[in-house]
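K.L.:
What follows is each chain in one-letter form.
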Amino acid sequence: MGAYKSDDDYDYLFKLVLIGDSGVGKSNLLSRFTRNEFSIESKSTIGVEFATRSVHVDEKTIKAQLWDTAGQERYRAITSAYYRGAVGALLVYDITRHVTFENVERWLKELRDHTDANVVIMLVGNKADLRHLRAVPTEEARSFSERENMFFMETSALDATNVEQAFTHVLTQIYRVMSRKALDGTGDPTSLPKGQTIDIGNKDDVTAVKSSGCCSG
Amino acid sequence: MAAFINLEDSPMFQKQVFSLEGTTDELKDRCQKLYKGVKKFMGVLGEASTGVSAFADSLEEFGAGHDDPVSVSIGGPVLSKFVKTLRELSSYKEFLRSQVEHVLLERLTNFMTVDLQEAKESRRRFDKAVHSYDQAREKFVSLKKNTRGDIVAELEEDLENSKSAFEKSRFNLVNSLMTIEAKKKYQFLESISAIMDSHLRYFKLGYDLLSQLEPYIHHVLSDAQQSKEESKIEQDRFARRIQEFRTQSELDSQQVEPSNVDGNHVYRTIPYKNVEATSLSTLDKEVIKQGYLLKRSASLRADWKRRFFVLDNHGSLYYYRNTGNKSAGSQHYYSGLGEHKSGVFRRFRSRHVRSASQGSLDCNLIDLRTSLIKLDAEDTDLRLCFRIISPQKTYTLQAENGADRMDWVNKLTAAIATRLNSHFLQQSPINYASSGPAGEELSLDQKQDYNRRLNMGDDVLAILRGIPGNDACAECNASDPDWASLNLGVLMCIECSGVHRNLGVHISKVRSLTLDVKVWEPTILDLFRNLGNAYCNGVWEGLLQLDDDCDNGSNNKLAVITKPSSKDSFSLKEEYIQAKYMEKALVVKDEVETKLTASSIIWEAVQSKNIREIYRLIVTADANIINTKFDDITAVDAYHHHVDEQDEVKKRHDPNACQRIKDSRNCLQGCSLLHVACQSGDPVLLELLLQFGADINMRDYHGRTPLHHCIASGNNAFAKVLLRRGARPSIEDGGGLSVLERAMEMGAIADEELFVLLAECH
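Chains D and A, in that order, give the protein sequences. To convert, note that position 135 of the first sequence is 135 in full-length UniProt numbering; the numbers rise steadily by one, no gaps. To convert, note that position 490 of the second sequence is 490 in full-length UniProt numbering; the numbers rise steadily by one, no gaps.
Just so you know, these hints were derived from the structure itself, not from any lab. All values derive from a computational prediction rather than experimental measurement. Even for Gly, the Cβ is constructed at its ideal location relative to N, Cα and C. Any given hint might turn out to be false.
Straight-line C-alpha distance at most 25 Å; calculated SDA-like pairs for lysine to any residue [to be verified]:
1) D:Lys109 x A:Val756
2) D:Lys43 x A:Ala748
3) D:Lys43 x A:Glu752
4) A:Lys720 x D:Ala81
5) D:Lys43 x A:Gly747
6) A:Lys720 x D:Lys60
7) A:Lys120 x A:Ser73
8) A:Lys567 x A:Gln578
9) D:Lys43 x A:Arg237
10) D:Lys43 x A:Asp751
11) A:Lys183 x A:His199
12) A:Lys120 x A:Leu189
13) D:Lys109 x A:Ala759
14) A:Lys584 x A:Glu613
15) A:Lys567 x A:Leu420
16) A:Lys589 x A:Glu613
17) A:Lys163 x A:Glu138
18) A:Lys128 x A:Gln16
19) A:Lys720 x D:Leu158
20) D:Lys109 x A:Glu760
21) D:Lys43 x A:Met178
22) A:Lys36 x A:Glu106
23) D:Lys43 x A:Asn716
24) A:Lys563 x A:Ile507
25) A:Lys228 x A:Ser73
26) A:Lys720 x D:Thr79
27) A:Lys518 x A:Ile696
28) D:Lys60 x A:Glu741
29) A:Lys289 x D:Ala70
30) A:Lys720 x A:Asp751
31) A:Lys720 x D:Gly47
32) A:Lys720 x D:Arg84
33) A:Lys33 x A:Leu189
34) D:Lys109 x A:Glu752
35) A:Lys720 x D:Ile78
36) D:Lys43 x A:Asn715
Estimated spans, in silico, between C-beta atoms of each pair [stated by the list, open to error]:
37) A:Ser680 x D:Thr52: 30 to 40 Å
38) D:Glu148 x A:Gly747: 28 to 38 Å
39) A:Ser91 x D:Ile40: 50 to 60 Å
Whenever a hint applies, use it, and build me the whole structure from the sequences.
P.N.:
Now the structure itself:
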């Protein structure tokens, strides 16, 4: 219960899910982002894990509610509950294992089957620190992500490269489309692949939009 | 070769050449014979190879598939291994054949076409050269002395030329002969020994392959032997069963009584026990009765068809039609009788009939729950008839003899009664009614679950009957009760269960020990173990027992209430049970009991997990004390932390702001008995309170439901129980967070089932 202290106060709450094959480093990305921790011998995730962290965008507090589950089996009982209400997703693969990149397509299908069409997705090539073992060229992943209208970034949960940026970027994008700033073009156009505008739909679609004060504590 | 020491042209040389040529010709003959032999051999080898592979193919087609049931039944997986081996063997044969071809046949052909031919050619050229040399010599020798010098010179030159050509072809001939001489010394040996070697390798490969397979083959053989013996035993057993069946049916036919035409009331006298007794033995789908009945078809012709009917202990009645051959001539006999009434049956045409006549065994389920049994045929004066009338359809059936008819009618009536009983109020019935007789539509999980429960079935009965007082009905002392009231914790007979049912669920929740397989969870069994007929009646019939103790008949009211026996009429039992549970007329009430004291006593009892005491208190209390709150028994102000006046209302209720929760994870303000039970960790206590209707979504001072408490204390098992019993996870506590959000705060939900239950309703 002491897991979070004063982050009750927020303007927006976004649910983000982490998906990708087993062992690509989802849980470590999560722990790096929320607690700045990395565990070299982490175990496989059991059930569903949650973490939160708040970030500030345009003087607004955005609380990210991150959901993480084991990548071993798909199409399980929890699938629909897991994706329900997610507005963003980090689709993680391991740059040293090409097969995890090949499976991205299937994960993407599952994600799109279970979420709103406008969900903001970032393709994340994790374990970028293992340069000498690279099996997925950056360009291959980048062009794939552009084809699929995803953002793309290579990260390393181990040395913390790009982890913060990946999460923040997704959250910012969700916020932008949410607050409709993306529509008038003032938002950074280069950050959107092919200059496309992602419309997240009605505000009601988003898990919970809270205005400050309703639950001051 | 030593023969040709002298290479000069001489008769000896000529002779030698001749003799060599002779042997060469001889050799050629033999080579041709050998060639034929080799050709034949190769043909045989090739045929053998294709033959083996054809055999392997047919074997595979026969049954090496892993998927289709026919293959599996004849040992497909084993065969496929053999097929593979046979293919290997075939390829070895093919290899041997190609070896023979390359090593022997080709070389032989080469020898014959190149070397022997060369010798022949040389011979021809030599003969030609001899001829021209002879001519040239003739010419030269026949020159006269006066011949001109230039002609002499010309002829001499010719002679020289032809002589050298002769010499050349002579050496050629010798050379080719010598080549043959040389080659025959090694070529044949080499080729043939190579062939022998490849034979050796062929058999070696085959041996290796098969010797690897050897243990497996022996294993399969012994397996086959074993199955042979088993099937023999099975056959014997089957033969014996046939024999038994025949003697049994002979016995039965001797016992046939004359049919009872006026049988409308006969079946009432036959107790339900008949059916119960059969269904008690196991909870498995067991056939209560099965056999052929004549069924009047719903079609226009209304003819009679012989159908195989099966009634199982789950109260499902279904019938099979014999497909293919038209059975029994009897239907023609009856068809005439039915025909003139065809109009009556027109409206009973059913989809069952139309969906018929597929290749497989067709099966129709009759819904017994809403059916009625009538002991006559609709305006038919046929004997041995009865009808099953359901809202959708009326089945007019005819048994083959009177006893059979009565048996069917009794069993069907009993089955309908049990079906109705078990269905009534059952919250999660097994879907056997809709899933067909064999339960094919149950998912695998359900099936496993089901099977687990089946195994438990006998235990359930044994456990419940073994509890003190549970060997007899709690109301009328009838022996072997197989019905129970879940919340009252008592066992009773089927008749009394009917009365209980009429009391309403708020008083008694009736379930069958044998037919309601899903309700008998371990916690419910534990609850019953804690109670039992003896104890419960001690509470409910307290005055009666008091009365027995001091038998002076002082209490007039009691004089009119006496406990019925199993032989008493239904109405007597009904009267008694209503007085006992609705009016609580026999309960000993504590004299000075206000609501406050009752509440505090039950609170203590819950805290000390005293199941019997809680039960007694709930029964004896005048008011409903099941939803007692902590605040009812304590002055709250004295208990709870001070609340600053300025504090917002919201914050006051936020559990995060409560010092008690922070310190001991426990704040009792506003808690109900159920909250306490959840913290106690005693599943039986929880069960008891839920059975007596404790409000599952009651919120404490901090707005937390019992489910919130369970999640906060990590008691996932209880959380799941509560969720399955209707706890709503969407209720927000004083801090504005639902149960799922509270669980998320704690970092993870390791139990996926719990996660789904929580998320589902979110």
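K.L.:
Measure nothing beyond the straight line between the CA atoms of lysine 43 of chain D and methionine 178 of chain A; if it is 25 Å or shorter, mark the hint as holding.
P.N.:
This hinted pair is violated, its Cα atoms lying about 84 Å apart.
K.L.:
Holds or violated: lysine 43 of chain D with asparagine 716 of chain A, Cα cutoff 25 Å?
P.N.:
Given that 25 Å is the threshold and the Cα spacing comes to 22 Å, the pair holds.
K.L.:
So if I understand the rule, the pair passes when the alpha-carbon distance is 25 Å or less; does lysine 589 of chain A with glutamate 613 of chain A pass?
P.N.:
14 Å, holds
K.L.:
Run the distance test for lysine 720 of chain A versus glycine 47 of chain D: straight-line Cα separation, threshold 25 Å.
P.N.:
Holds: lysine 720 of chain A and glycine 47 of chain D sit about 15 Å apart, inside 25 Å.
K.L.:
Measure nothing beyond the straight line between the CA atoms of lysine 567 of chain A and glutamine 578 of chain A; if it is 25 Å or shorter, mark the hint as holding.
P.N.:
18 Å, holds
K.L.:
Just to be careful, I want the Cα atoms of lysine 36 of chain A and glutamate 106 of chain A compared with a cutoff of 25 Å; is the pair within it?
P.N.:
Holds. Lysine 36 of chain A to glutamate 106 of chain A sits at ~13 Å (cutoff 25 Å).
K.L.:
Holds or violated: are the alpha carbons of lysine 720 of chain A and leucine 158 of chain D at most 25 Å from each other?
P.N.:
Distance ~38 Å between lysine 720 of chain A and leucine 158 of chain D Cα, so the pair is violated.
K.L.:
Within 25 Å, alpha carbon to alpha carbon, are lysine 720 of chain A and lysine 60 of chain D?
P.N.:
38 Å, violated
K.L.:
Is the hinted pair lysine 720 of chain A and arginine 84 of chain D satisfied, with a Cα-Cα distance of at most 25 Å?
P.N.:
Given pair lysine 720 of chain A, arginine 84 of chain D holds - Cα atoms ~21 Å apart, limit 25 Å.
K.L.:
Check the hint pairing lysine 43 of chain D with alanine 748 of chain A against an upper bound of 25 Å on the C-alpha distance.
P.N.:
Holds - the C-alpha atoms of alanine 748 of chain A and lysine 43 of chain D are around 14 Å apart, at most 25 Å.
K.L.:
Given the hint that lysine 120 of chain A pairs with leucine 189 of chain A, test it: the Cα-Cα distance must not exceed 25 Å.
P.N.:
24 Å, holds
K.L.:
Sort out whether leucine 420 of chain A lies within 25 Å of lysine 567 of chain A, counting only the CA atoms.
P.N.:
24 Å, holds
In this structure, the earlier hints numbered 6, 7, 9, 19, 21, 29 are contradicted, and the remaining ones agree with it.
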